[in-house]
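**Student:** Here are the chains, one letter per residue:
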Amino acid sequence: MSVDAKTVSRVAHLARIALPEGEVARMQGEINAMLGFVEQLNEVDVEGVEPMTSVMPMVMKKRADLVTDGGIAAQIVQNAPQSEDDYFMVPKVVE
Amino acid sequence: MTDLTTLTLTEARDGLKGKAFSATELTKAHVAAIEVARVLNAYVLETPEIALKQAEVSDARLAKGEGGPLEGLPLGIKDLYCTAGTRTTACSNILRTFVPTYESTVTSQLWRDGAVMLGKLNNDEFAMGSSNETSAFGPVINPWRRAGRNVGAGAAGVEGTHLVPGGSSGGSSSAVAAHLCLAATATDTGGSIRQPAAFTGTVGIKPTYGRCSRWGIVAFASSLDQAGPIGKTVRDCAVMLRSMSGHDPKDTTSVDIAVPDYEKAIGRSVKGMKIGIPKEYRLDGMPAEIEKLWADGIAWLKAAGAEIVDISLPHTRYALPAYYIVAPAEASSNLARYDGVRYGLREQGRDIAEMYEKTRAAGFGREVQRRIMIGTYVLSAGYYDAYYLRAQKVRTLIKKDFEDVFAAGIHAILTPATPSAAFGIGEKGSADPVEMYLNDIFTVTVNMAGLPGIAVPAGLDAQGLPLGLQLIGRPFDEETLFSLSEVIEQAAGRFAVQQRWWTGA
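Respectively, the protein sequence lines represent chains Z and H. Each residue of the first sequence is one higher than the one before, starting from 1 at the first, in our numbering. Each residue of the second sequence is one higher than the one before, starting from 1001 at the first, in our numbering.
Derived from the structure by calculation, the hints contain no laboratory data. All figures in this text were calculated on a predicted structure; none of them were measured in a lab. Even glycine gets a Cβ: it sits at the ideal position worked out from N, Cα and C. A couple of the hints might just be wrong.
Straight line, CA to CA, 25 Å or less: simulated DSS-like cross-link-like pairs of lysine-lysine [said to hold, decoys possible]:
| hint | chain 1 | residue 1 | chain 2 | residue 2 |
| --- | --- | --- | --- | --- |
| 1 | Z | 92 | H | 1358 |
| 2 | Z | 61 | H | 1399 |
| 3 | H | 1399 | H | 1279 |
| 4 | H | 1399 | H | 1274 |
| 5 | H | 1279 | H | 1400 |
| 6 | H | 1250 | Z | 61 |
| 7 | H | 1302 | H | 1279 |
| 8 | H | 1271 | H | 1292 |
| 9 | H | 1274 | H | 1292 |
| 10 | H | 1264 | H | 1302 |
| 11 | H | 1064 | H | 1017 |
| 12 | H | 1017 | H | 1053 |
| 13 | H | 1358 | Z | 6 |
| 14 | H | 1017 | H | 1028 |
| 15 | Z | 62 | H | 1250 |
Across the chosen pairs, the derived CB separations fall in these ranges [unchecked claim]:
| hint | chain 1 | residue 1 | chain 2 | residue 2 | range |
| --- | --- | --- | --- | --- | --- |
| 16 | H | 1279 | Z | 60 | 34 to 42 Å |
| 17 | H | 1298 | Z | 53 | 35 to 43 Å |
| 18 | Z | 72 | H | 1409 | 49 to 57 Å |
| 19 | Z | 39 | H | 1282 | 21 to 29 Å |
| 20 | H | 1138 | Z | 86 | 32 to 40 Å |
| 21 | H | 1284 | Z | 36 | 14 to 22 Å |
This is chain Z alone, in the form it adopts within the complex (with noise of 0.2 Å):
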């Protein structure tokens, strides 16, 4: 299988990644080529296997459902590049 040029710049905008119109070849190449490499997985036979879901089968320990963390607004927003009375501040979503 290949990507045409529509579909890297449908995939681009699925991953929210501004692509100008000059780099859609170059990008299209480069997915082409990984695409030609992993080709060779369809001769295997993978007729009645399990897809992997876990590396290391364990059961997953749980925890007692309560509150350990909290009150750290401050921290949450330090890193945030606007932020407002500990809230992050985006541009407007709803007109």
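We have chain Z; now place chain H onto it with these hints.
**Tutor:** Chain H in isolation, oriented as in the chain Z frame:
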């Protein structure tokens, strides 16, 4: 007095205990070495004030006969580990000014045990790379040089004939090889500890998935990422790994199994151990010197009483292509958090969607953008089954290959660590990304199966550059890897850079 930076971690530990020198003297020696090695670009942030303060505390403890297993020992920290109050960037412009308010579990354990932080080490952006060339802070230089070829490469200028230190933990490997720290933390998603160790004549171990907590380490591909050390010797790595390991309630994939005293495995007999030699790792056109290295390793282990067994891991060749679906898929999901809202870079846009897109285009480098794009594509509607689901099924088969040979009595597997020695900056992957990815062909299977793997230096190639062997172990049997790799280390000898050309002296 001898140069304290040339000591191994465990020699320095013993010297501190015997009061041959102080932690402050040891730290000052490293700070001074770092100052004259900036051309290597191994550190992206030096923290001498923190280091000297920690050393002072260590000296007070040592004076009272107290102190942890790493008391007063200066380390370098890969810039993927969050350090509270100290900038942590993953070497990406999107996190260029990020200062964590929390400490990663692994580094907090190092400080608990008395270690000293010299600074943050360079790496490929978000650990995506095999040469440290994708870092937003620029490439790292390998302290090793090709005999007769880039021997003349001066200290000025990074491009040209200098060699890469491997990646993604290139700052870690370069710093350890150049004596800019006694040992370093690193991370390994597809070979990022073992390949740089092999390129610099250092030792690196990726432990079993779940052995070290991933909490507070910038995520790349969560089902493959694992922390581990790079050190000057096998023993040094054993000491580091003990401090780095252990269960953490904050990482649900971290495993609650007691951490052994790995150092005790050093020198343990390997007599009667069955060592598998997988025929699938014998690549067409493999350089003769890699073949010889492998044969040497076999001979050394045999001489130590191990039994050599030919084995087959039939799905080996599919590990790399499956990895390049699974890893980008997980990366595209993990890196979705960098949206210019909660932390990191923000570029202004007319609306929130444009803000996201401009922020991510400006903040992520080319390699990272490509991997996010591939990951987004293979997870998108209509392609998920053909790519991602198939890759995860292939992964099950790769893991089963290993399970089968271990069930048949194999204790560990011996392979080359890399298909070649270190290459030059700018030499690979500029036209075709796959060329760079092939570096991880021997290491990536181990991540796909979650197994422990260690790279140990075993010889030099014709250009005088170090080459490494890899040992792959059973889950949570890092001890056997330490025992076996120390046999190789003893037989091959250590490989240290002879001349500190980077100081300009």
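**Student:** With reference to the structure, classify each hint as holding or not holding.
**Tutor:** Right, here's what the structure says about each hint:
1. Z:92 x H:1358: holds, 16 Å
2. Z:61 x H:1399: holds, 24 Å
3. H:1399 x H:1279: Holds, at roughly 17 Å.
4. H:1399 x H:1274: holds, 19 Å
5. H:1279 x H:1400: holds, 16 Å
6. H:1250 x Z:61: holds, 10 Å
7. H:1302 x H:1279: Distance ~18 Å between residue 1302 (chain H) and residue 1279 (chain H) Cα, so the pair holds.
8. H:1271 x H:1292: With a Cα-Cα distance of about 23 Å, the restraint between residue 1271 (chain H) and residue 1292 (chain H) holds, given a limit of 25 Å.
9. H:1274 x H:1292: holds, 21 Å
10. H:1264 x H:1302: The given pair, whose Cα atoms are some 22 Å apart, holds under the 25 Å limit.
11. H:1064 x H:1017: It holds: about 11 Å lies between the C-alpha atoms, which stays within 25 Å.
12. H:1017 x H:1053: holds, 19 Å
13. H:1358 x Z:6: holds, 19 Å
14. H:1017 x H:1028: holds, 18 Å
15. Z:62 x H:1250: Holds: residue 62 (chain Z) and residue 1250 (chain H) sit about 11 Å apart, inside 25 Å.
16. H:1279 x Z:60: 34 to 42 Å: Holds, since residue 1279 (chain H) and residue 60 (chain Z) (Cβ atoms, about 38 Å apart) stay within the stated range.
17. H:1298 x Z:53: 35 to 43 Å: Check passed, 36 Å falls within 35 to 43 Å.
18. Z:72 x H:1409: 49 to 57 Å: holds, 52 Å
19. Z:39 x H:1282: 21 to 29 Å: Since residue 39 (chain Z) and residue 1282 (chain H) have Cβ atoms about 24 Å apart, the given range 21 to 29 Å holds.
20. H:1138 x Z:86: 32 to 40 Å: Hint holds: Cβ distance 37 Å, inside 32 to 40 Å.
21. H:1284 x Z:36: 14 to 22 Å: holds, 19 Å
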